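Top to bottom, those sequences are chains C and R. Residue 181 in my numbering sits at position 181 of the first sequence, with consecutive numbering throughout. Residue 2 in my numbering sits at position 2 of the second sequence, with consecutive numbering throughout.
If you're looking for bench data, these hints aren't it; they were derived computationally from the structure. Quantities reported herein were computed from a predicted structural model and do not represent experimental measurements. The beta carbon of each residue, even a glycine, is placed where N, CA and C say it ideally should be. A few of these clues could be false.
[What the hints assert, rightly or not] A short, non-exhaustive set of chain C residues, derived as facing chain R with CB atoms under 10 angstroms:
#	residue
1	V18
2	H25
3	A27
4	L34
5	L35
6	E36
7	V72
8	L142
[Unchecked claim] Chain R side only, calculated, beta carbon under 8 angstroms to chain C, not exhaustive:
#	residue
9	Y48
10	A49
11	G102
12	L103
13	D104
[As the list claims (entries may be wrong)] Below, computed lysine to any residue pairings styled on SDA-like, alpha-carbon distance capped at 20 angstroms:
#	chain 1	residue 1	chain 2	residue 2
14	C	K60	R	N39
15	R	K57	C	L70
16	C	K60	R	K57
17	C	K97	R	E9
18	R	K57	C	R71
19	C	K60	R	E9
20	C	K60	C	F119
21	C	K60	C	L87
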Amino acid sequence: MMSRASSIQPPRIAVWLVGLFTPDHEAESIPGDLLEEFSNLASNSGVPFARRWYWRQSVKTIAHLFGTGLRVAPWSTGAAVAGGYLLGSFVHGLPDKVLSAVTDRYLGYWSSHFKAYMFWATDGMWAAHLILSVFVGCMVALAARGREMVATMTLAIVLCTMAGVAYFASVAKHWPMDLALSWMLFQCSGPFASIVGAVIVRTSRSAARSRPSGA
Amino acid sequence: MSTRDYLGEFEHIVVLALLRLEDRAYGVTVRQEIEFRINREVSIGAVYATLDRLETKGYVRSRLGEPTPERGGRSKRFFRVTAKGLAAVNRTHHALQCMTKGLDLIRSNS
């Protein structure tokens, strides 16, 4: 019975999400406690109930860890967020400058390959925006050691809030609906890409930390 | 830290749970003790956030136990109330007693 209960695993996504937000000094205790209670519930009340319980606990635990991360180190987290905002403001202007320089340099080529130019001016710009946002997320996460997700998600919330305010205050009023929604999607894809960057940093740090103990 | 520091509501509940559990106090048992005694579902994150805060204040002390297979080879983190923590509980109890003395809470509520 016990071996059957212990072979049942909690929801992998929930385990992964809790791991992203758990500080280093709780890396043993919080996931261990959740797994222990999950195994007991799975054998006593059934796997579906235990899985629902695990998800509910994970969401509440992540919310608490997020709040605690901000409360414990507000200044360093704030500094990482402000630095990320400034870095983002700087790097997101670069693709436009590069495209302008390349266009000026190879004007003859672009005029005979207009479709290629349009591709770089639209999809290429979006791809560059996403790649640079991942870079910004990585930088913020590297600066906020131990609170990678807290700092990057705070930056993402700030950026999405600013985009939302701009959308309702101006963009939605003056632009056609489809263009306004595309603008909003473009603005919110950056913060999401930054979170992906933080996940990369956090995951690689966790892997580096667990490697020596596993050896 | 001031000697006039009182425990917050959830801090108070968590310290009392630690005192009840004695040597068996770790995340799971603390969470279950609170749920059993006051019928309030709390998250493991809330318990650890409070325990970390209490440890920073010097009211509790923690130590890691042995890794166990049912926890995926992870260790339990056991907690104990310090003398300073015990003084804080007594201070908080005394303050609450002073504030409630002479009050008819059942009649005040109706």
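A quick look at each hint next to the structure:
no. : hint             : in the structure
1   : V18              : holds (8 angstroms)
2   : H25              : holds (8 angstroms)
3   : A27              : holds (8 angstroms)
4   : L34              : holds (6 angstroms)
5   : L35              : holds (5 angstroms)
6   : E36              : holds (5 angstroms)
7   : V72              : holds (8 angstroms)
8   : L142             : violated (24 angstroms)
9   : Y48              : holds (6 angstroms)
10  : A49              : holds (4 angstroms)
11  : G102             : violated (37 angstroms)
12  : L103             : violated (33 angstroms)
13  : D104             : violated (37 angstroms)
14  : C/K60 <-> R/N39  : holds (17 angstroms)
15  : R/K57 <-> C/L70  : holds (18 angstroms)
16  : C/K60 <-> R/K57  : violated (24 angstroms)
17  : C/K97 <-> R/E9   : violated (56 angstroms)
18  : R/K57 <-> C/R71  : holds (15 angstroms)
19  : C/K60 <-> R/E9   : holds (19 angstroms)
20  : C/K60 <-> C/F119 : violated (44 angstroms)
21  : C/K60 <-> C/L87  : violated (32 angstroms)
Violated hints, listed in ascending order, are 8, 11, 12, 13, 16, 17, 20 and 21; each of the other numbered hints is respected by the structure.
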